[in-house]
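So the protein sequences, as listed, match chains A and B.
Per the working numbering, residue 7 is the first one in the first sequence, and the count goes up by one each step.
Per the working numbering, residue -11 is the first one in the second sequence, and the count goes up by one each step.
In short, the hints are calculated from the structure, not lab data.
Honestly, I wouldn't trust all of these hints.
[To be verified] Below, in silico cross-link-like pairs of lysine-lysine (BS3-like), each with a Cα-Cα straight-line distance of 30 angstroms or less:
1) A:Lys206 / B:Lys212
2) A:Lys244 / A:Lys203
3) A:Lys159 / A:Lys200
4) A:Lys61 / B:Lys212
5) B:Lys276 / B:Lys212
[Stated by the list, open to error] Here's a subset of chain B near chain A, in silico, CB distances under 10 angstroms, partners left out:
6) Ala62
7) Tyr85
8) Leu190
9) Val191
10) Gln192
11) Ile196
[Unchecked claim] Computed footprint of chain B on chain A; a stretch qualifies when at least three of its residues, placed anywhere within it, have a C-beta under 8 angstroms from a C-beta of chain B:
12) 60 to 67
13) 79 to 85
14) 91 to 100
C-beta atoms are modelled at their ideal positions from N, C-alpha and C, and glycine is treated no differently.
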Amino acid sequence: MTSANDLRPRPGEKLVFDVNPVLNERVTHYCPGCHHGIAHRLVSEVLHELGVAHKTILVASVGCATFTYDYFNVDSVEAPHGRACAVATGVRRARPEAVVFTYQGDGDMAAIGTGESLHAANRGEKITAVFINNTVYGMTGGQMAPTTLVGQKTTTTIHGRNFSNEGGPIRLTEIMAQLQGVAYAARCSLDSVKHVKEAKKAVRRAFDVQLAGLGFGFVELLSGCPTNWHMTPTAANKRIATDMIPVFPLGVFKDVGAAEANAVKEPGNA
Amino acid sequence: MSRKQMPKRILVKGNEALAYGAVDAGLQCYFAYPITPQNEVPEMLSALLPEHGGAFVQAESEVGAVNMLLGAGACGVLAMTSSSSCGISLMQEGISYMAGSHIPGVIVNMSRGGPGLGDIGPSQGDYFQAVKGGGHGDHRNLVLAPSTAQECYDFMFMAFALAFAYRNPVMILGDAIVGQIKEPIRRTAPEGASTPEHLRSLVQDLRIEGYGARGENAPPRLLKSVYLAEGALAQRNRLLQQKYAAMRKDARYAGEELDDAELVVVAFGSIGRITSSAIRGLRKEGRKIGLFRPITLYPFPGEALRIHARGRRILVIEQNIGQMVEDVRLAVGGCDVAWHGIMPGLFIGANELVEPILQALKG
């Protein structure tokens, strides 16, 4: 098995890229081609650039992202499945000075934890939620997610997701953008360099609104799961572009300025 | 202290006494979802707690509330939630995670009649759920059973002290009677009560705060309950069991007229108090009856009960279909233990307990 030391430059090699100090050098448990690594890097780079890692608390979720805390050099707490936004609410209220973020998959945030997620967002909790949408339950072996596309085959929809039986994929960013407490809501994708660069900006903005005290910061990241899609990483990237983005349109759905954030505090001013 | 120097008494419901006790003990964060018969607690704390610099959040559900408690408890602050039976059932997942992660917190259950939606009358049907852990896995909560409004106030201090001493969830188990009864209490901290600063210092090596609070290059901290490596979960459970064994020294009970008693009646909470009235009346008639009222339901004061039970008849009175009686039988071993149950939802008077007590006295 590759160890972190194997990745350091050998004699005659030059270091041209390095992890930032908010991520440690542990080899992750994620599958080849999985986008969690990119998402981790974006979040850690933003925390590093903002200079807030020392006062950051990560609320981990359940799913493939359960062990997120193994890779981030920040204080962390484990939340039960779906409850990360409620746990983050408790952390936020107990530690008003901290930077608090959750990192949740689609099952965690958009199925079992919908209630906790929407209500934390609606209260305008000053937290940031990073939402990984890969249209499938990864950790449990490829079952249907709330975001699974109609027609997509999973281990619990072996003939493809049937709209009349299972409904259609939930577009969580659009729902989040409707809530008054949400200061920022965007959907990005990790399938191409261009999209990754846009995603970095969105992650940064989702933390900016927390630091500015404007409200709930939310960013959805369309991600590949080659293992449970039964594809090569390259084909998985293509699937995001051809199948997912048409159903989950990219873009910033909400970004309140300071003036607008103050205005929505007035009762009756939607 | 002379009576004149004593602080003035205030007339409050048991639920209000809980809220005052929590604030006076140093409560910093409170999360709850409304449910009868404990609504005075969130209503009062929504006003009181912010006045004292604390945080109040009305959660979207009991699931939300208990996980907010988990988050605040992980930060090492004095945090609490309150609910009643059905709501406490919803909290069991979070309570199990808190126990598994060594997270302190106080959970108040002013219980209702069950099963299901039941009613909002008095019941002690949640005894098993409270003292046997309640959630999944081998975990235990410390459980305190107040019988008066004054105890509702005083036990809040004890609950926080135990939660932080053991880094464990503590449950206060009451019912509609003790929650709704209005009676005078003295709003002063019980003797020897710990300061909130002291309690917080007990968990300073195990709270999340941002590593910067511990130094520029301090290693990050993690509070969790998942242990997948071979043998790791076994080790975690051994650690928890050591903690539960250590709790035994904190078992507490209140005894009345036990020295010469021929019959020892075991009853807790509201029913313990009503039983006490019945026993006092029978004592006036010269009947030698005593009361053993567990204050901690977990750890159960079994050692003390065994001593008091020696050579005496035992009667358990509880408002359920037979729950605490199992712990009493385990504690006293060979003794003959009689049981009198009161169906959930009924309001009973002391006079209704006279006959079953006399019957047990005769044997």
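For this session: Answer holds if the nearest beta-carbon of chain A is closer than 10 angstroms to that of B:Tyr85; otherwise answer violated.
Result: Hint on B:Tyr85: holds, closest Cβ of chain A at ~5 angstroms, below 10 angstroms.
Exercise. Hint check: is the beta carbon of B:Gln192 less than 10 angstroms from a beta carbon of chain A?
Worked result: violated (13 angstroms)
Exercise. Between A:Lys244 and A:Lys203, does the CA-CA distance stay at or below 30 angstroms?
Worked result: Between A:Lys244 and A:Lys203 the Cα gap is close to 18 angstroms, so the pair holds against 30 angstroms.
Exercise. Per the CB criterion, is B:Leu190 less than 10 angstroms away from chain A?
Worked result: violated (16 angstroms)
For this session: Closer than 8 angstroms, Cβ to Cβ, for at least three residues: run that test on the stretch 60 to 67 of chain A against chain B and report holds or violated.
Result: holds (count 6)
Exercise. Does B:Ala62 meet its interface restraint, that is, does its C-beta lie within less than 10 angstroms of any C-beta in chain A?
Worked result: Nearest chain A Cβ about 4 angstroms off; hint holds.
Problem set entry | B:Ile196 as chain A interface residue, shortest Cβ-Cβ below 10 angstroms | holds (4 angstroms)
Exercise. Does the structure keep A:Lys61 and B:Lys212 at a Cα separation of 30 angstroms or less?
Worked result: Roughly 19 angstroms between the alpha carbons, so the hint for A:Lys61 and B:Lys212 holds.
Exercise. Do the alpha carbons of A:Lys159 and A:Lys200 lie within 30 angstroms of each other, as the hint requires?
Worked result: holds (29 angstroms)
Exercise. Are at least 3 residues of the stretch 79 to 85 of chain A within less than 8 angstroms of chain B when you compare beta carbons?
Worked result: holds (count 7)
For this session: Would you check whether B:Val191 satisfies its interface hint, that is, whether its CB is within less than 10 angstroms of any CB in chain A?
Result: With a closest approach of 12 angstroms, the B:Val191 hint is violated.
For this session: Examine the stretch 91 to 100 of chain A: at least three residues should have C-beta closer than 8 angstroms to a C-beta of chain B.
Result: Coverage by chain B holds for the stretch 91 to 100 of chain A (9 residues, Cβ < 8 angstroms).
Of the numbered hints given earlier, the model fails hints 5, 8, 9 and 10; all others are met.
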